[in-house]
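With the hints as your guide, set chain Z onto chain W.
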Amino acid sequence: MSDITNKRGMGFPRVNGSAVVMGLYLLFLLLPIYWLLNMSLKTNTEILSGFSLWPQDLTLQNYVTILTDASWYTGYLNSMAYVVMNVVISLAVALPAAYAFSRFTFLGDKHLFFWLLTNRMAPPAVFALPFFQLYSSVGLFDTHIAVALAHGLFNVPLAVWILEGFMRGVPKEIDETAYIDGYSFPRFFIRIFTPLVASGIGVTAFFLFMFSWVELLLSRTLTSVDAKPIAATMTRTVGAAGIDWGVLAAAGVLTIVPGALVIYFVRNYIAKGFALGRV
Amino acid sequence: MNKTVNQKAWFLILPVLVLVAFSAVIPLMTVVNYSVQDTFGNNQFFWAGLDWFRDLMSSERMWDALGRQIAFSAIILVIQIPLGVFVALNMPKKGFWASFCLILMSLPLLIPWNVVGTIWQIFGRVDIGLLGYTLDSFGIDYNYTQNFYAAWITVIVMDVWHWTSLVALLAYAGLQSIPDAYYQAAKIDQASRWKVFRFIELPKIMGVLMIAILLRFMDSFMIYTEPFVVTGGGPGNSTTFLSIDLVKMALGQFDLGPAAAFSIMYYLVILVISYVFYTVMTNLDKRDGH
Numbered sequence: 019m020s021d022i023t024n025k026r027g028m029g030f031p032r033v034n035g036s037a038v039v040m041g042l043y044l045l046f047l048l049l050p051i052y053w054l055l056n057m058s059l060k061t062n063t064e065i066l067s068g069f070s071l072w073p074q075d076l077t078l079q080n081y082v083t084i085l086t087d088a089s090w091y092t093g094y095l096n097s098m099a100y101v102v103m104n105v106v107i108s109l110a111v112a113l114p115a116a117y118a119f120s121r122f123t124f125l126g127d128k129h130l131f132f133w134l135l136t137n138r139m140a141p142p143a144v145f146a147l148p149f150f151q152l153y154s155s156v157g158l159f160d161t162h163i164a165v166a167l168a169h170g171l172f173n174v175p176l177a178v179w180i181l182e183g184f185m186r187g188v189p190k191e192i193d194e195t196a197y198i199d200g201y202s203f204p205r206f207f208i209r210i211f212t213p214l215v216a217s218g219i220g221v222t223a224f225f226l227f228m229f230s231w232v233e234l235l236l237s238r239t240l241t242s243v244d245a246k247p248i249a250a251t252m253t254r255t256v257g258a259a260g261i262d263w264g265v266l267a268a269a270g271v272l273t274i275v276p277g278a279l280v281i282y283f284v285r286n287y288i289a290k291g292f293a294l295g296r297v
Numbered sequence: 134m135n136k137t138v139n140q141k142a143w144f145l146i147l148p149v150l151v152l153v154a155f156s157a158v159i160p161l162m163t164v165v166n167y168s169v170q171d172t173f174g175n176n177q178f179f180w181a182g183l184d185w186f187r188d189l190m191s192s193e194r195m196w197d198a199l200g201r202q203i204a205f206s207a208i209i210l211v212i213q214i215p216l217g218v219f220v221a222l223n224m225p226k227k228g229f230w231a232s233f234c235l236i237l238m239s240l241p242l243l244i245p246w247n248v249v250g251t252i253w254q255i256f257g258r259v260d261i262g263l264l265g266y267t268l269d270s271f272g273i274d275y276n277y278t279q280n281f282y283a284a285w286i287t288v289i290v291m292d293v294w295h296w297t298s299l300v301a302l303l304a305y306a307g308l309q310s311i312p313d314a315y316y317q318a319a320k321i322d323q324a325s326r327w328k329v330f331r332f333i334e335l336p337k338i339m340g341v342l343m344i345a346i347l348l349r350f351m352d353s354f355m356i357y358t359e360p361f362v363v364t365g366g367g368p369g370n371s372t373t374f375l376s377i378d379l380v381k382m383a384l385g386q387f388d389l390g391p392a393a394a395f396s397i398m399y400y401l402v403i404l405v406i407s408y409v410f411y412t413v414m415t416n417l418d419k420r421d422g423h
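Read top to bottom, the protein sequences are chains W and Z. Residue 224 in the numbering used here sits at position 206 of the first sequence, and the numbers go up by one each step. Residue 374 in the numbering used here sits at position 241 of the second sequence, and the numbers go up by one each step.
Listed next, the in silico EDC-like pairs over lysine to aspartate or glutamate satisfying Cα-Cα at most 16 Å (straight line):
(1) Z:K381 / Z:D197
(2) Z:K227 / Z:D313
(3) Z:K136 / W:E191
(4) Z:K337 / Z:D313
(5) Z:K226 / Z:D313
(6) Z:K136 / W:E194
(7) Z:K226 / Z:E334
(8) Z:K320 / Z:E334
(9) Z:K136 / W:D193
(10) Z:K136 / W:D127
(11) Z:K141 / W:D127
Partner residues aside, some chain W positions facing chain Z, computed with beta carbon under 8 Å:
(12) A115
(13) Y117
(14) P148
(15) L152
(16) A168
(17) L234
(18) L235
(19) A278
No lab work stands behind these hints: they were computed from the structure. Just so you know, even glycine gets a beta-carbon here, dropped at the ideal spot from N, CA and C.
If we strip away everything but chain W, and leave its shape as in the complex, we get (with noise of 0.2 Å):
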């Protein structure tokens, strides 16, 4: 692989022109970033006062800030509170069922697997009113489990969809050995089969944590006071004296940091589960 990638490399002078690319590409992602690093240390006066590259008078009490009230901080914790359960929910019930499709024809099997994309096309727009209304009514308006319900919407249609991509490549002679051997289904599937497709597993609770994390709309229309999440409390920095930009912005950043994590992490499960599942 490698031997043959640098004989390609010397074979066409682009190795540096790629650089180039890549350089240039990270530095359009990165800029902005930077730019809210920069203005999250900085003090209100200062980024209202000039224009600098970077803060003349570094200060952390932005974060200080944001760290030490209660009503900024449960934000992260009730956003991380209904993405794990989302992440959780949402894999019990498609682990089963990308089973089912990748194994077996049954009735309707096709109409329902693009039934069940059509969910991930729903505009959540379209659904805000009805959701806020439904889990109003059975009363759980204002909790972490009905934003992770909600969520579902999306991400349960996503997960049955990657992770059934995986199982398609796992052989189906390892399931008839199994069972010659007397294992029944369940312990079967937790004891054999759910190993065998972990890395499937690993990067679809990565874009389960990725969608339920990034949203805003459903999120903030579930709930008003206990489940707050994060991105709805970030509106809070409007006040009666204009934008507070250097809060808002150390919000932004300490949002980022959960995702990086994440990142880092799964790194070599990314670029390897995208080859082998779907998304």
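Structure of chain Z alone, referenced to chain W:
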């Protein structure tokens, strides 16, 4: 893989069905219910038949929003798909720099959408943002809250910034799965770089690229949070896309009937276009013999 017929597989699907029925079918029926009724508040509803749909079809506001939405989705697809493939072709194949690029490129994907909006809101401001300040100091009249073109360009560049990496990562994964033998054969044939791309790489990543197009189309067609944070749909109505308009109608003005009719039309448009993509995709899959 040849699958066996097994009707009991339905039991494995059951949990998904129950969950999705609760979170999709019930709300959708509520929407359908509202779309054929009228109310004067106080929870009394009257049969309105297809009036709301008739109103919708002659509503200039809806057609304008739909036009803007289609323009937006078309523009970002035209930019993001080629750019994503181009970036993927230039990514390091393995080693430290490959992970380095992967991590940094994934970063925008995991930022909450309102924060993406916030980032560009700050970045584009003439007084405190790097982009706005730089453009302003070159004497370019750039103000995304007042200028039509500035607003559109900001929203589009923001989306390119936000999502091109997804296309690039998918294309990269597709490229990684091409066996070396293909490249060796091309080298023996002394194929040009363009021919290698056109006849080896492109066909091989076609499947994964269709997924990228489908995902990007769906998500851009539902875009709400980012432009809402940056431009709030303005100046005027110039960046009011379908979702922004719908939320305004449903949660702002509480016009249940029109909003419900709007929702159904909106959902149907996405469904029809996605169905076309999906059919093309599964046909490609079959042709490749998966």
